[in-house]
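For the protein sequence lines, the chains are F and C, in the order given.
Residue 153 in the working numbering sits at position 142 of the first sequence, and the numbers go up by one each step.
Residue 305 in the working numbering sits at position 294 of the second sequence, and the numbers go up by one each step.
Hints were generated in silico from the structure; no laboratory data involved.
Restraint ranges, calculated between C-beta atoms of paired labels, are given here: (1) F/Pro104 - C/Asp256: 31 to 39 angstroms; (2) C/Arg262 - F/Gly334: 32 to 40 angstroms; (3) C/Ala183 - F/Gly334: 37 to 45 angstroms; (4) F/Arg31 - C/Leu398: 52 to 60 angstroms; (5) C/Thr382 - F/Glu317: 53 to 61 angstroms; (6) F/Glu344 - C/Glu457: 58 to 66 angstroms; (7) F/Gly422 - C/Ala75: 49 to 57 angstroms; (8) C/Ser141 - F/Glu434: 48 to 56 angstroms.
Beta carbons are placed, not taken as given, at the ideal position from N, Cα and C, and that holds for glycine.
Number of protein chains: 2
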Amino acid sequence: MSKDERLVKQITPKTEDFSRWYTEVIQKTELADYAPMKGMMVIRPYGYAIWENIQRLLDRRIKATGHVNAYFPLFIPESFLQKEAEHVQGFSPEVAWVTVGGKEELEERLAVRPTSEAIIGPMYSRWIKSWRDLPVLINQWANIVRWEKVTRPFLRTTEFLWQEGHTCHETAEEAEDETLRILAMYKEFVETELAIPVIAGQKTLREKFAGAQMTYAIEALMSDGKALQMGTSHNLGQHFSKAFDIKFEDRNQTLQYVWQTSWGMTTRLVGAVIMAHGDDSGLRLPPRVAPVQAVIVPISIGNWRESVLPAARTAEDALKSAGVRVRLDAREEFTPGWKFAEYEMRGVPVRIEVGPRDVKAGQAVLVRRDTGTKETVALDALPTRLLGLLGEIQATLFREALAFREANTHGARTYEEFTATVETRRGFVKSYWCGGDACEEKIKNETMATIRVIPLETEARPERAVCVCCGKEAKALAYFARAY
Amino acid sequence: MSKDERLVKQITPKTEDFSRWYTEVIQKTELADYAPMKGMMVIRPYGYAIWENIQRLLDRRIKATGHVNAYFPLFIPESFLQKEAEHVQGFSPEVAWVTVGGKEELEERLAVRPTSEAIIGPMYSRWIKSWRDLPVLINQWANIVRWEKVTRPFLRTTEFLWQEGHTCHETAEEAEDETLRILAMYKEFVETELAIPVIAGQKTLREKFAGAQMTYAIEALMSDGKALQMGTSHNLGQHFSKAFDIKFEDRNQTLQYVWQTSWGMTTRLVGAVIMAHGDDSGLRLPPRVAPVQAVIVPISIGNWRESVLPAARTAEDALKSAGVRVRLDAREEFTPGWKFAEYEMRGVPVRIEVGPRDVKAGQAVLVRRDTGTKETVALDALPTRLLGLLGEIQATLFREALAFREANTHGARTYEEFTATVETRRGFVKSYWCGGDACEEKIKNETMATIRVIPLETEARPERAVCVCCGKEAKALAYFARAY
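The shape of chain F in the complex, shown without the other chains:
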């Protein structure tokens, strides 16, 4: 077995064991590694570079919609966390507690933030006095700790990175508008930059954020047919403003509690990129967030340092000037074949091969990671063609993921149909639901499928829509799935 083959063979095929494939891809492509403490991970440079691209592209959108960044403390005194009853109930089982500072036992335990509503609330209460101070549109990039029992790299880890928006508004309507504006921004971001189609909708009351009035989410289908929540946007109503006394004098000189929202997306998105696009050979990264968009591999035969390398360097410079994230791999200790396999596994969107004959002909060979298609391009046309090709790859990945979701979204009208679909076909099951807690729970217990979202986009409703579980009149169409 050659070295090249060995390298690729080391990854368990996705179709054989998805879960093992996932963790092997992460480790072998050096996206992340397990830390020596249970449930914790290290985001290695290759994985962190994807996160940096996500941050940059998302931060730009957050700012373009009028938000500014700030930074609030990592620790939250226990008494603050307890002020909103539902909030503390939801989060306290997951909190890591600091009880000793320096050499001294603390008088009050400090929670390592599981989310920041309870430390931001007291500050907003101090800063906001009048309607003139509103809206407050603040976002924070931060690390978060939740003491999870079952963890998986990127998807669910004891510590993760995220952005959390926390806004205050004069009216309930404005808060609802903000919640939905962010949800739309998240959807556009994930579809444009990560090439993953999502369904935007409401969560049920069972699945909402602890302390929220209403939670909205975007949900995607991973390539094993399980759903993944990609981001959430909460309308907090006045739950926290009443708990933390965040009041303002309105335009009629009356004291009112502010209306709030909060919303977040996390490093989980990196896991989504792996699971939505990867194949048996490893990663397939969307060009918009790929740390390396194109790798130039010089074919090292004969006097290649003289005959090939100068042309490869010229191509590298030209691509860099065109704004492409390009790497020239001229290392001598690895063969071209080894490099082909390595960058394929790492999901680099385009490989550029340049050999002695190519240089003579003034051309290079481009190989797409997503389709494997090869094409020859004149060296002086390389930047233009590559920019076009990266766009095509981004579009192809999205189209493929959308086609996969469509092929794996099934309607189910009877409970038998429903359970059979969940069991045998996976994916999303679209069914009508009575809105009752009992049916939601029964379905969850019996099928492990949960209501992922009640979609915002409505469909033509049949004349008689009944709950897939109890047969009573339906309240809404819902997307069900087994989920991460």
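Given the coordinates of chain F, work out where chain C should sit on it, guided by the hints.
Same frame as chain F, but now just chain C:
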């Protein structure tokens, strides 16, 4: 007293009470606020925007020198922290400890990272096998917790933000080169972007990082005559590689411990910008890191919405296109006078006044925050002139800070001269030192001045250079000062 006057008068003059001036400026310009827990702060949007500019400009330099970013866990098991003896001794008095996770008491306490050597070490031990894996050049942007007894916003807080570089090399020479390369990068960054001149040099063994072989630092003089450490770069030798078993097979197939460095700069830099450049009216922000580089204040008289506002908007667009961070403040609830005072306090480098007569004459008035100088400029020449002016302001702030440091750096040859200078004139005192721990300690105890650095740039040495404290033969010239 007018509203404008009141606003400025609210700040205690710098010359009257520097420490009060500092905290008042921070609160009134909304750079930061005190959190409800002792020693913790909230970085508000205006302060965080300065930090974002620092991050962007520093991250660019970190990457240009070949480093990549990654993310390591927030928590460090106690047993890891204990592996390097000097390290644990130095940091354990300052550690916040997590002892409960979820509902369970932890078997082993987890330190909230006071620095990350002890969690990065075990990972490097796993990742590094051969000389081919070296150098490892990783940087991390993260939050850090140190349980400080005396705190002050930005300068010393229980939690702060920083970047920490952690590198591994094949040889001692390479590690020393890296340590000094970073020190030079820090100096260039602080002088270019923050307009603060610094002295680069070695720390004494007393003042070095706990676990380092040698610490280098850059030190600046604040405008009250006290020194501030701006950044440190440590040559860790093999202290941590031996403690964490980070070995590699060298080019001769022999197992060796790697040679390491670590280095960091923190949100303290924001405090330095305030203290180095601020005046009695508030902040004076260097244009390169100012969140708002120029504010356009329309003079709201007569039918200004028709006569002035369109021209102001055109100017705003032109400046934005030229890459200037500009804000047009067209709010009606505040007078131009109030705005002048507000942006002066907030340290916006240039104010652009546009009134009805200016528009008719096709011009605007530019007012420099640093000098108060006014000039008239044609509206169509505005972008070009403003870019030039921002450069001049940046240079002026640096020149002023350098002149201040030169005027406040004094030589002292006798101990009497030394103590009198420290007591009455403040600033840096340059004196020869025998290199002995006893003299260093005596000086610290008797004068509260410490050795800030032994400068890298050497001066012509007098024929007979003796220690300012004991009179024995001197080993080095040192910069002493009282410091933050």
